[in-house]
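Chemist: Each chain, written out:
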Amino acid sequence: MTGTMTEAAGAARGPAAGAVTREMSMQQAINAALRTVLEQDPDTLVFGEDVGALGGVFRVTDGLQRDFGAERVFDTPLAESAIVGMAVGLAMNGWRPIPELQFDGFAYPAVDQIVNQLARMHYRSRGAAPMPVTLRLPSFGGIQAPEHHGESLEALFAHVPGLKVCAPSDPQDAYRLLVQSVRCDDPVVYMEPKARYWERRPVDTAAGAGDMPVGRSRVLRPGRHATLVAWGAMVHRCLQAAEYAAEDGVELEVVDLRWLKPIDAEGLAASVSRTRRAVVVHEAPLTAGLGAEVGSLVTERAFGALAAPVERVAGFDVPYPAGPLEPQYLPTIDRILSAVQRTLEYERP
Amino acid sequence: MTGTMTEAAGAARGPAAGAVTREMSMQQAINAALRTVLEQDPDTLVFGEDVGALGGVFRVTDGLQRDFGAERVFDTPLAESAIVGMAVGLAMNGWRPIPELQFDGFAYPAVDQIVNQLARMHYRSRGAAPMPVTLRLPSFGGIQAPEHHGESLEALFAHVPGLKVCAPSDPQDAYRLLVQSVRCDDPVVYMEPKARYWERRPVDTAAGAGDMPVGRSRVLRPGRHATLVAWGAMVHRCLQAAEYAAEDGVELEVVDLRWLKPIDAEGLAASVSRTRRAVVVHEAPLTAGLGAEVGSLVTERAFGALAAPVERVAGFDVPYPAGPLEPQYLPTIDRILSAVQRTLEYERP
Amino acid sequence: MTTPSPTPAGPDPHPGFGPDLARRCYREMLTARRIDEEAIALQRQGVFPAYVSLRGQEAAQVAGAAALDAERDFAFPTYREMGVALALGVDMVGYMASHRALWHGGLYDPMASRFSSLNAVVGGPVPHAVGWAVGERLRGGTGCAMAYFGDGASSEGDIHEAMNFAAVYRAPVVFFCQNNRWALSVPNERQVAGGSVAARAQGYGMPGTAVDGNDAAAVHRATAQALERARAGQGPSLIEALTYRVEPHSTSDDTSRYRDAEEERAWRDRDPLTLLRARMEADGSGDAAFFEQAEQEARKRAEAVRDGVSTAPEPDGTDLFAHVFREPTEELARQQRVWYEEVRP
Amino acid sequence: MTTPSPTPAGPDPHPGFGPDLARRCYREMLTARRIDEEAIALQRQGVFPAYVSLRGQEAAQVAGAAALDAERDFAFPTYREMGVALALGVDMVGYMASHRALWHGGLYDPMASRFSSLNAVVGGPVPHAVGWAVGERLRGGTGCAMAYFGDGASSEGDIHEAMNFAAVYRAPVVFFCQNNRWALSVPNERQVAGGSVAARAQGYGMPGTAVDGNDAAAVHRATAQALERARAGQGPSLIEALTYRVEPHSTSDDTSRYRDAEEERAWRDRDPLTLLRARMEADGSGDAAFFEQAEQEARKRAEAVRDGVSTAPEPDGTDLFAHVFREPTEELARQQRVWYEEVRP
Ligand SMILES: Cc1ncc(C[n+]2csc(CCOP(=O)(O)OP(=O)(O)O)c2C)c(N)n1
Ligand SMILES: Cc1ncc(C[n+]2csc(CCOP(=O)(O)OP(=O)(O)O)c2C)c(N)n1
Ligand SMILES: [Mg+2]
Ligand SMILES: [Mg+2]
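Residue numbers (our numbering), protein chains in the order written: chain H, 3 to 351; chain C, 3 to 351; chain G, 77 to 421; chain Z, 77 to 421.
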């Protein structure tokens, strides 16, 4: 297999045969993906807090109960552990559950069921009990929300054997990754960047999930001076940073990681082997964040090529703050550019 | 401040003035430390499942209820979330709680109270509500126990802002770190390496907690060819590996990290600046494990000195297995030595 | 759809709720109402990013909390207990600061106020109340903990664990459920199996009472009894105050998607302030002058809170780092330097 | 200390428990007893690292599970339901393999056996039963889920959440609590507030029954009724089988630290096998020849299980990697290569 990335910026490709391209927000794209799988696979079920009549607090499940019935799309009582536990039992009875936990910070009460049960039932049963569960989790910050509504749990999930984890950064990929996650026979945590729910982009709903295998990253912008690696909402910020850098003649390659487990180590190494420098950017606190894993993978595979240590630009090691401090907590374009500068100026002591 | 480590192997130091040195197992040393804090601080409380009359499943709390009364040392019903939640409330009423969760894998049901409450209450209250809670967690594997009794949650905890995390590797340090954790005004997760509970070593119970600040690592064996970094039970395994390597003339430095948050980045960098090579060893699964953080810290601070990428030897990305497979899952001496060899033979491509 | 039950008639069933208490409750309920209205306005003006209204729950909150002893008791709120905060004398600008998103937990001092920081994890603070109460008994104190939660929260595992712990330890806790019939878009019928939160109490061997949560006197009496019991060492109890969330869940919510406007109207007609005022007019504990004065005071206070919270300074970026630990770490100091050099506005 | 209540006298209160069923239950209870004894012996010999005995709970397990329909129902066990496994026809060597630590979940096929993999998280599998049951109703099936848990587990939040979900959805689940009076070292008095797990059911609007868990007929009847109800679409119910853990929690436990030997002896005298045998001798459903034959069969079966599990091959290291994912990843394949090159024995 080759670890190189197969897709340049999605927008740059022409529409595929049979393409149905519409302009939509990520929240609509996720809704469309749920419609696709509810239509195509009678075993799929959508449930969670307020996903029914309300259509979810972000309207991601808008109209699904109306269109697919209250048996396929239903509200649960307010208890996250039971939501995931129920998904495990449903999977054992042949269903393909797509539970939602309302917000990142409310996944914590479900961690036992996620780690000790969902992620392990297939292993524990020696393959007898598949767990094709897609756990949707509105994630990350940037919307000035109350406490527990702006957190990034990817490092926790990526560390759990038996889980797969992904996070889209734009509507097209949100559609594709969700269809792919639901079709995957393993449990997938699908992390939705809330801050990107609303921006509209063209989405080809005929785009197959199969054209990019699980675990593949994307180069959204090619460049030769350094590689920026990000996922979720930070991808957009990295693209902005790359714009600024370009004004100064610095060509940054931007990699959208997409799959946070498995991570596209070969793809990252290939990019960094060309650019010789890398900056990984995430919202979660720095220490023991997924940036450490990305940095380690890159360093292990491209040490000889690296001209400087991989830089990490991350949230600070503080609880996710309220409104006015949020922009000072999240990685800023300035911080990204400072890191780029440090890596460009690095001289081996 | 200097980041250098202040202590060579504890056993090599002479007894301090007023020393009360006895041979004891780590489980006895922890019991002794609990006695010390129960005696010296009337606000301390010890509670958890079966810690009272039974004295804990590992007898770590043996005799404490008898000697300090059922008000200071008491059993709880079987509910981990409430155990931690109760600790938060007790701290808000001026107590210094020392709850135990019976096993690593049963910390998951308490993760919400640990992350969303215990770790944040001080922050949320802008410092009004201190959380001097020491959460004791029998941890790590190596004892051929049932499922959920052999896991390593340090990466999860180290990622949580507001928590401190430590893990001793021998009886003396178990005593010292526990007294230090209890006296710390911040919440500390104290991870006990079950596999090391029984080996007896001399312990000086007059050793102050103050002689090594929170966050300091220890060089247990000096060496010049490469640095091995580990914590908990893997420290012992690294010391064994270093013995073998020494037979081949390879001098490995062994660093016991001790504090998993904050991590002694300066201390690590100082060691690696001398040895130019590092291997980090842990039991937890590789991906997004704390080894990634250790590797990143070392690489960021000592990139110029590094002759090879930091090697990681970790558990595989699989659920912690049952008995006969446990020795094949945990990092073996062979794997550690292979990694050492790789780092010694590394040539920049 | 649920409709309110009729106001009880006949002789006054709440003899303990005297004129002074009625007046105090009315004043504070009205103040809570006016602050609530100001808050909704502030959200519309963009000063608050969002707001959760307590409208309709003023009796459940104020009259219940009026039974607390602010010297020795301690309340553990969710995100909707503004009326409790008011009754306990919490600095209301500091409280409202949370809704302006100045600081998640609010800017008041929870320890001095004996009112824990606002808590957004549904069910999360309830075990804290139990721990606090266990600690209170251990030190021989006579305080009680009051644990607030909603009908939706009653589904969370933490509520069960906390009630079981409290009853096992006979801890002085009052579990105070405001059943406002809705948990965001989910009604009691699909949330609370069996239909009654109060009925859960029996399973733990503790008393459980459902009261008309819009009847200030009934709420006060039930709470006072539960506190008395707890203080006497007889252990915890559970009160279910039956009320209604007449506003949307929060200012971001749209109730037309899931509930009947008729139901809302019916409950608006059972406004706890109207009910209390009618009662006070009937028994003479409030005359026109009192109500007029209460209105003026409430408005004045609400405007002061509005002005205070609107003009409160934004927290400084150093606050990001200041409260993480009591014993700071070098790594956090290093990160603060990064913030200072690369982020500070 | 708790003492057993006396055996009920008077006319047979369980007419549905006929001779065939009694004989089947007796045979399986005895077989479970003999396998249990072999297992304790295997632990003493060092073949099992540890073992959790079901001794004293054979009636609760076998007679309850005998009411299940192995074609359409599904059981969700903890780590102590060996008698249930036996009654459902699970491959007992595969079951016991878990105690030899060959594979945590056992080596039997949980889907084919309709008996989920052994689960060591107290309370953890109970929500699975609810999900399974909700799924069964959604597809129009008539199967029921049986959720096993202990008195200690009743304190966990998951139990509450699961019961509430089941009752809200009217899911066909039977919550089957074996209250063996002890959760490791903690007795009911300090575990189950209110003293009755069955009493919790009412709070969810579902039936809750406490039965003498050492009386096979009583257990069977209660379970059959609950299943009938669930199958008829009337929703979940809760059974509390009052029994006793006569052995230590596990072979690593030491009961002398926390309970009275007298209590253990009293309960040993209420042995469910002795009780059932007496009943069968009285009503003529078992004669000396039957009991003799049952004993021989049980021994033979137990020895076969013992031999099978003792000689079962250890799992291969490749099993470490084989079952993590259905759709394997390159990274795991890479790690397997590391294992192959550096670890493989
Ligand atoms: C653990 C958790 N899960 C989900 C949420 C999201 N959420 C916030 S309020 C709410 C409904 C709460 O209903 P209820 O307990 O009845 O309180 P009310 O809002 O009616 O006062 C939900 C689902 C949350 N805050 N915490
Ligand atoms: C979530 C969780 N916490 C703690 C434990 C450790 N533990 C194993 S069994 C047990 C006691 C269980 O008691 P009970 O539910 O009454 O079942 P029994 O052992 O009596 O059958 C404990 C505390 C566990 N397995 N799971
Ligand atoms: Mg509500
Ligand atoms: Mg028990």
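Calculated directly from the structure, the hints in this document are not laboratory data. Since we're looking at a predicted model, the values are computed, not measured. Cβ atoms here follow ideal geometry from the backbone N, Cα and C, with glycine treated the same way. Incorrect hints may appear among the rest.
[What the hints assert, rightly or not] Here are the in silico distance ranges between beta carbons for each label pair:
no., chain 1, residue 1, chain 2, residue 2, range
1, H, 69, Z, 414, 44 to 50 Å
2, C, 65, Z, 117, 29 to 35 Å
3, Z, 126, C, 187, 35 to 41 Å
4, G, 416, C, 22, 42 to 48 Å
5, C, 351, Z, 410, 17 to 23 Å
6, Z, 414, C, 309, 20 to 26 Å
Chemist: For every hint, state whether the structure bears it out.
Modeler: Right, here's what the structure says about each hint:
1. 69/H x 414/Z: 44 to 50 Å: 49 Å, holds
2. 65/C x 117/Z: 29 to 35 Å: 32 Å, holds
3. 126/Z x 187/C: 35 to 41 Å: 39 Å, holds
4. 416/G x 22/C: 42 to 48 Å: 46 Å, holds
5. 351/C x 410/Z: 17 to 23 Å: Hint holds: Cβ distance 19 Å, inside 17 to 23 Å.
6. 414/Z x 309/C: 20 to 26 Å: For residue 414/Z and residue 309/C the Cβ distance comes to about 22 Å; the hint holds.
When held up to the earlier numbered hints, the structure conflicts with none and fits them all.
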